[in-house]
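Take these sequences, add in the hints, and give me the full structure.
There are 2 protein chains.
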Amino acid sequence: MTLYEQFAEEIAELIRTGTLQPGEKIPSVRVASRTHKISAATVFQAYYLLERRGLIEARARSGYLVRANANGMLSEPEHSSLAHRFKETSATEVDVSELVFSVLDSIKDPTTIPLGSAFPSPALFPLQRLSRSMTKSLREMPAHAVVTDMTSGNANLRRQIILRAMATGNKYPADELIITSGALEALNLCLQTVTNPGDMVAIESPAFYASLQVLERLKLKAVEIPVHPRDGIDLDILADSLARLPIKACWIMSSFQNPLGASMSNEKKEKLCELIAQYQLPTIEDDVYTELYFGLHQPKPLKSFDQNNLVMYCSSFSKSLAPGYRVGWVAGGKFAEKINRLQLMTTISPSIPAQAAIADYLQHGGYDRHLRKLRETLETQQQKMLLAIERYFPTDIRVTQPKGGYFLWIELPQRVDSLQLFKLALAQGISIAPGPIFSASQNFKHCIRLNYGNLWDTKIEEAFKVLGKLIDSFKNT
Amino acid sequence: MTLYEQFAEEIAELIRTGTLQPGEKIPSVRVASRTHKISAATVFQAYYLLERRGLIEARARSGYLVRANANGMLSEPEHSSLAHRFKETSATEVDVSELVFSVLDSIKDPTTIPLGSAFPSPALFPLQRLSRSMTKSLREMPAHAVVTDMTSGNANLRRQIILRAMATGNKYPADELIITSGALEALNLCLQTVTNPGDMVAIESPAFYASLQVLERLKLKAVEIPVHPRDGIDLDILADSLARLPIKACWIMSSFQNPLGASMSNEKKEKLCELIAQYQLPTIEDDVYTELYFGLHQPKPLKSFDQNNLVMYCSSFSKSLAPGYRVGWVAGGKFAEKINRLQLMTTISPSIPAQAAIADYLQHGGYDRHLRKLRETLETQQQKMLLAIERYFPTDIRVTQPKGGYFLWIELPQRVDSLQLFKLALAQGISIAPGPIFSASQNFKHCIRLNYGNLWDTKIEEAFKVLGKLIDSFKNT
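Which chain is which? The protein sequence lines are V and G, in order. Going by the numbering used here, the first residue of the first sequence is number 27, and it counts up by one from there. Going by the numbering used here, the first residue of the second sequence is number 27, and it counts up by one from there.
No copy is singled out in the list; a pair is fine if it fits within one copy or between any two copies.
Mimicking SDA-like on lysine to any residue, the simulated pairs with C-alpha atoms at most 20 Å apart in a straight line are:
| hint | residue 1 | residue 2 |
| --- | --- | --- |
| 1 | Lys245 | Gln218 |
| 2 | Lys51 | Ala67 |
| 3 | Lys274 | Arg243 |
| 4 | Lys134 | Pro168 |
| 5 | Lys360 | Glu124 |
| 6 | Lys134 | Met167 |
| 7 | Lys364 | Glu124 |
| 8 | Lys134 | Asp201 |
| 9 | Lys449 | Ser132 |
| 10 | Lys495 | Arg441 |
| 11 | Lys134 | Ala200 |
| 12 | Lys471 | Gln446 |
| 13 | Lys364 | Leu130 |
| 14 | Lys495 | Tyr418 |
| 15 | Lys364 | Ser132 |
| 16 | Lys245 | Asp225 |
| 17 | Lys245 | Pro223 |
| 18 | Lys162 | Arg184 |
| 19 | Lys429 | Phe320 |
| 20 | Lys501 | Glu416 |
Think of the hints as simulated: they come from the structure by calculation, not from any bench. Keep in mind it's a predicted model, so treat the numbers as computed, not measured.
Listed below in structure tokens is the structure:
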């Protein structure tokens, strides 16, 4: 062994024995060089080796941290087409709302450990700073704005959204942009604009349950396209489905897909855009987690590859800044005018003060600084949750390790019924999101989604012990 | 002539000659008694006589004012069944959106005199005080509320709404109440909850154009029921229609109906509730103008007479306090749970800060004081507009004189095409709302709706001169 390999092995041993815990910093290059009396270059080589082995990872401005799953105990879930004996897509009537509401209703209790929640903890958001922006912007707002801004939204907010989009290559003319009451309104308006009751819509499987509810509400049929847990929707199966079935629209999350956390590569996004162009397929891109990336760069949205104005790009501030303010948007491509009119017929406009406050915050409040901190926090939380899973869950599970967002998707052993597990956990004051609510055909019966958007504490740690035991209890049934 | 009759005649002469202008105060009883050296009782008798003759009216805390139309020059519009050679109702496919949007789009220019606007002037609202409530309530709001309040709304706001409703006999259990993004969302959710595409819905004629757009969006057919310009919907025709046609829902504005300003009597509301009960007809009550009454008492809503939980009561703060905040509500009767779920699938929740601000304002801001002032202002504005109509419009017109709200409905001579008039007026910088946008069958071609919710000034006065001339120009075509 060379000197750097020896040093790397020393550190690896500390990790394996738990002396260095996942999420902890390892000594900086300078400190390690001094205390071990080896050159900085040797330390660098050692750390580079450990990084390639997946034991540690570099973090901007924090040096190197020990990774969860450093020993590779946790496998990635299977491609959903394999997990469910997939043969060929078909159209499914959607009837999930009752199930979804029964789950959501039962987890309302604020004392429950909210691992099943769809929102990150409000403690992670700069709500006080945002309140100051609210006060300031209301003071500066001319009275007539409370009426006139209803037609097209707060002008400053529109500017800020368009500017931020340009940073990811997402350029579109201002008149494509419609401010909405959260992304969910945007998604509803888009889907209603491009479909009629009875139409088929291609949708990821698993998919965010609210998207299934929208299909159900609009009496649309779901064509469920399997999703790779890391790379996103299966383009071959999508292409095959488009060739066989009269699909009228597609709904996709290209980055940090909910619930899998999968992100498509740029090449894949390009290919998807070719497919969309070939079928002139109206495509709704739900990109609400894009700001919560853990890497160095924000992912480019599908829309930035679309040259046919077919992609309706939907996002919001609910997951990254201001849950409850209910401000989202859509860049509606060629469908923008119709989407806008549909909004004027239903909710008219999102709340004017909320728009003004967010606009001021984006301009003066330090959004990028907040986001850097939020991303770091979420990544650390993910590591902590993975570690707890490693510790307390049986070894024959599979779990995603997404590069952004705040959800883990866990494939439990086939013997575990996640709806049953949901009830057992809830009885112990813990909520989880059971797999079947993410599928029109109520697949994923042995899967669960867990939210790591809450600050880690002993209560959450304890919840994982309990969940582990509950999962074990399925062994003998 | 008795002394009091003589004195009344003196005042009447001052009104007829224009020395006392409509909207002006006449001398108080005390002052008149002193200056004319007659007893207070005599002055009272004289004023009572003038009031009965319709020349003056008593106003709370302001004494007596000269009424517009004091000389009875202005007639009331005809019952809409008479005006349009009505025979029997039938179902009409709704296709008004293009027309409505072409009108609304063209009146966006803020320099236009907004007689066609649907909102009162923001200058009439206590926006600064409301901003203070926003600042305070955001400071006091616990962080988790931005997530937890999304499921059922701000608890304080819910309390305030329920308490205010009780004052008009509108009692319902708290779980019927859903806070919405303005009344329009409430109305949309209600109608979607109780209908399927293709269903028939009974609706007033003329009706608020947005309600027609909602019918169009949901692919519903309109059964247009004529409305008396003072007493509201024609119950005989409604009863006949319910007997003949498979009507699935009814949409009604029982007080200060838009655009006519008509208000149903309590007896009529009771009868309507009997009819609703007989057919178990889901009924949507749109009551957004209820706080803008000019009399001594707020009208009782239809819902307060409903013993079958069939009335879905919708209202908002957009017309009386906070346009652009987008906070409304519905007390959904037996349909409440379904309405709530539909909202959770589309917009989830109205903006939390807007809800908190309004709740604080209702509790501490002096809403009732504001409303008293607002009502007085609107009534005075109505008088001024009626006077301008008397002065500048031809004599063969008819105009409503509603007891609340901020709209006048004007029946012009049949030779006037209101869509043509709309274009001519717009070219001169004046917007009006042309009759056909208020009807699925695009009736009311010679009618217009004018908004008196803007503070009267020489520009508006001038606009009436211009409108008068434009109306005259139709004589020779």
